[in-house]
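Engineer: Just so you know, the sequences run in chain order A and B.
Take the first sequence: its letter number 102 is residue 102 in UniProt numbering, and every next letter is one higher.
Take the second sequence: its letter number 118 is residue 118 in UniProt numbering, and every next letter is one higher.
Just so you know, these hints were derived from the structure itself, not from any lab.
Keep in mind that the hints are not guaranteed to be accurate.
Claimed, not checked - Calculated cross-link-like contacts (lysine-lysine; reagent style DSSO-like; alpha-carbon spacing at most 30 angstroms):
{"id": "1", "chain 1": "A", "residue 1": "Lys331", "chain 2": "B", "residue 2": "Lys181"}
{"id": "2", "chain 1": "A", "residue 1": "Lys331", "chain 2": "B", "residue 2": "Lys200"}
{"id": "3", "chain 1": "A", "residue 1": "Lys46", "chain 2": "A", "residue 2": "Lys78"}
{"id": "4", "chain 1": "B", "residue 1": "Lys295", "chain 2": "A", "residue 2": "Lys340"}
As the list claims (entries may be wrong) - Stretches of chain A that chain B covers, calculated by requiring three or more beta carbons in the stretch to come under 8 angstroms of a beta carbon on chain B:
{"id": "5", "stretch": "99-105"}
{"id": "6", "stretch": "329-335"}
From the three backbone atoms N, C-alpha and C, an ideal C-beta is built for every residue, glycine too.
Each chain is listed here by its residues.
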Amino acid sequence: MGKRERDGGESEREKEEREANAHVGQFLPSQIRNKCKRSEAYAKVKNEKKKAKKQKIKLRDEAEKEALELGNVPPPRKIPRTIENTREADETVAQADDEELQAEEGADEFSQYFAHEITPKVIITTSQQNSVATRKFCADLLTVIPNCHYYKRGTYNLKQIVKYAINREFTSIIVINENRKEPNGMLVVNLPEGPTAHFKLSSVVLSKRIKGHGKASRHQPELILNNFTTRLGHRVGRMFASLFPQDPNFRGRRAVTFHNQRDFIFFRHHRYIFESKEIKEKKEKPNKVDPKAVKEKKKLPKEQVIARLQECGPRFTLKMQSLQHGTFDTKYGEYEWLHKPDMDTSRRRFFL
Amino acid sequence: MPRTLKVDLPGVPRIRALCGDSLGLIKVITTESDLGAPKVAARWGDPDPQQGVLCMSMSNDGSPGLAIARKSNTVDVIDPVSGLLESRLVVPKSSADVASNRDASDAVCGLHLFGESSSWGKAALTCTELGDAILQRLPELDEEQIPKSENFLSRWSVSQTGTVLCMAVDASEQYAAFGGKGVDLSVWDIKKGSRIWSAKAPHRDNLGLMSPAWVTAVTFLDDDHKKIVVGTGHHQVRLYDTSAQRRPVLAFDYGEAPIRTVTKDPNGTSVYVGTGHGDLACFDMQTGKLIGGFKGKCAGSIRSVVRHPSLPLIASCGLDRYLRIHSTQTRQLLASMFLKQQLVSVLFDARVERAVTEVPSLPDVAEPMAVEPEKPSANGAKSLKEKKSKLKRQAEGAPVFDGQGATEEAAATNATSGQKLKKKSKSSRQDPVVDGVGTEEKATAVNGEKRKKKKKSKSKPAKSI
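Excised from the complex, chain A in its bound form (with noise of 0.2 angstroms):
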């Protein structure tokens, strides 16, 4: 718009805007063209709508109380529109009473590991040039997961490294991949059928880093597997779930939580404790009728019981790039699942 339109004054567009306008004050904050001031007003409307969104809010809380009181029913809340619950229609979401869902997950890949008859045992491992990044990584995983076992990559490439780990009877390969000595990519190669899952990985943080993090105890974690909704994050769900034993230590209290929000998967590591706690109350005017009773009430006082979480880490997201029918084969393999460009059309649009 005509900002920089110095002679001449301002547009007709700008006149009939202020016009609009007059109601709120004499200048949008956009067509000033001073910033100190330009940010002194804006700072200024955003604070009116602040107030006036704070009031909207009191008014609708009164009125829902109100109505309460009154015994009516309130009015219904309205939800927020997100990206997830208007999500595009998918005819792929699994449903529980699906008889050839049941059948099929029945005599799939993972379907020897949900019927107890095998544990996992599983190989980390690092692309051929590794830094201490990913190394520090790798360990952080080994944490994570149990009965897991790092293997140094060398030179042999991964069909080499997938017939090793058949014969020793392993379940599943994880592979760190990297770029620029962060670990960039992940590989999830399950054994002896495959599938083979292709992660991009990303925000990772160790740990360490974490602030106030906790030690993992050896004990068998819980697995928490979040929204892996349609047909192929059902599979993909079933491929984390048979990395992990399926008997968890309850004493443990710890708990891997594989979270699924638009097709990323948010990978956290928590443990947790079971605390009681007094609950405040509010402090009630002393009654002088009956001053006994008040001293009984402070002598017990009511508890709770509260559950802390303690992060452990490591913390990563993953987003699956291919998932691929048997075992790690990039070059002759068949694809189940393949990104392509074109599936990108719509921000509504999700596959897990």
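Based on the hints, put chain B in the right spot on chain A.
Structural biologist: Frame of chain A, contents of chain B only:
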């Protein structure tokens, strides 16, 4: 308000398709109305991973029956209308010594159902990965389900080594082509069980390396059994002409993923190619040029592509669990269906369609995509040299004119001899004054005219093979 709904797809005309999946289910997909969304009309079978579908086939002559090869080494023949079992045959296991030291299994990799009008009546040709090809008469349903040698009309071993991956039977149902990993393309006479032709490995590449044979898909290009299109694991599409030579006459690369399926178009010139990365494209096999790719967010490997016999449609399915129907003319996605399982094979049931309703025409049907081919007449008198030079030109991607099949104009400009043709094409690039070799080009006035004509003929698309 953001868009939370999917964009509606245009829909397909009345069709009926049958789709087999890894749980052994057959799903019948139909459209109720013209340009409607397809729906699953019926589901046959119970979900059982042991009964997973490996191949499906319907007979060429339109006689009823749909043959399904399953993981349990049986071939079920069902009625494609009702889904009732008509016949069941067992594919015998190979002996242990054949299977030793090989990755291959007894799984059926190729299946063809012969109709009643074929020379041996109702029968099925199966081929296992070990290369055991058997032509069996279909037994009655109440017969005992043991493979009986008296039911075998023909049996032969395609290969002693490697893994057979694909099979195709030609339109006359006399010949079958086989290929696989470590098994180069070969054509067999079904009746005699004898090999009539086998391919030679292509020449070494510029590094002096030879790629091992790895045929993943095969199809006969036209009604004749001479031209065969092959897809390889090394992402190459090849055209073989059995009447010309043992090496491919045309080969080109497509993408970077192994080719999983190759399907011919009834026009006899183009093929549809699906790959392990989920790419689907149409190629003109006269020139080896890409006609166009099919879009539609295909996320997983394409296992099967099928062309509708009468309508300009193709259906494709694969590991991403979607069945997609594209128009071959606009190459747009017309419909896609999520069918829950990893899909293995899809077929159009045009016979039932015709019986149920008159096949309607698409509203915006344009002219057919490629020019109808003029069938090459059998010309036995042609010299070998001529053929070779013709094939060379074909491989280069230049239009080829047949001595008899081409138009008069073309015949006038192109001498019948292939050698001459080659010379002329060379000379035409040079200064017209310098060349005095061609007898026809002595008079300059005529020369000019002729050159014009030549230009005209060159700019025209290829008309015949």
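Engineer: Is the coverage entry for the stretch 99-105 of chain A by chain B consistent with the three-residue Cβ rule at 8 angstroms?
Structural biologist: holds (count 5)
Engineer: Taking beta carbons only, do three or more residues of the stretch 329-335 of chain A come closer than 8 angstroms to chain B?
Structural biologist: holds (count 5)
Engineer: Between the alpha carbons of B/Lys295 and A/Lys340, is the straight-line distance 30 angstroms or under?
Structural biologist: Since the Cα atoms of B/Lys295 and A/Lys340 sit roughly 11 angstroms apart, the hinted pair holds (cutoff 30 angstroms).
Engineer: Assess, step by step, whether the Cα of A/Lys331 is no farther than 30 angstroms from the Cα of B/Lys200, and give holds or violated.
Structural biologist: holds, 25 angstroms
Engineer: Hint check: A/Lys331 vs B/Lys181, CA-CA at most 30 angstroms. Holds or violated?
Structural biologist: holds, 15 angstroms
Engineer: Given the proposed pairing of A/Lys46 with A/Lys78, does the C-alpha separation stay at or below 30 angstroms?
Structural biologist: This hinted pair holds, its Cα atoms lying about 23 angstroms apart.
Going down the numbered hints, you'll see the structure goes against none, and every one checks out.
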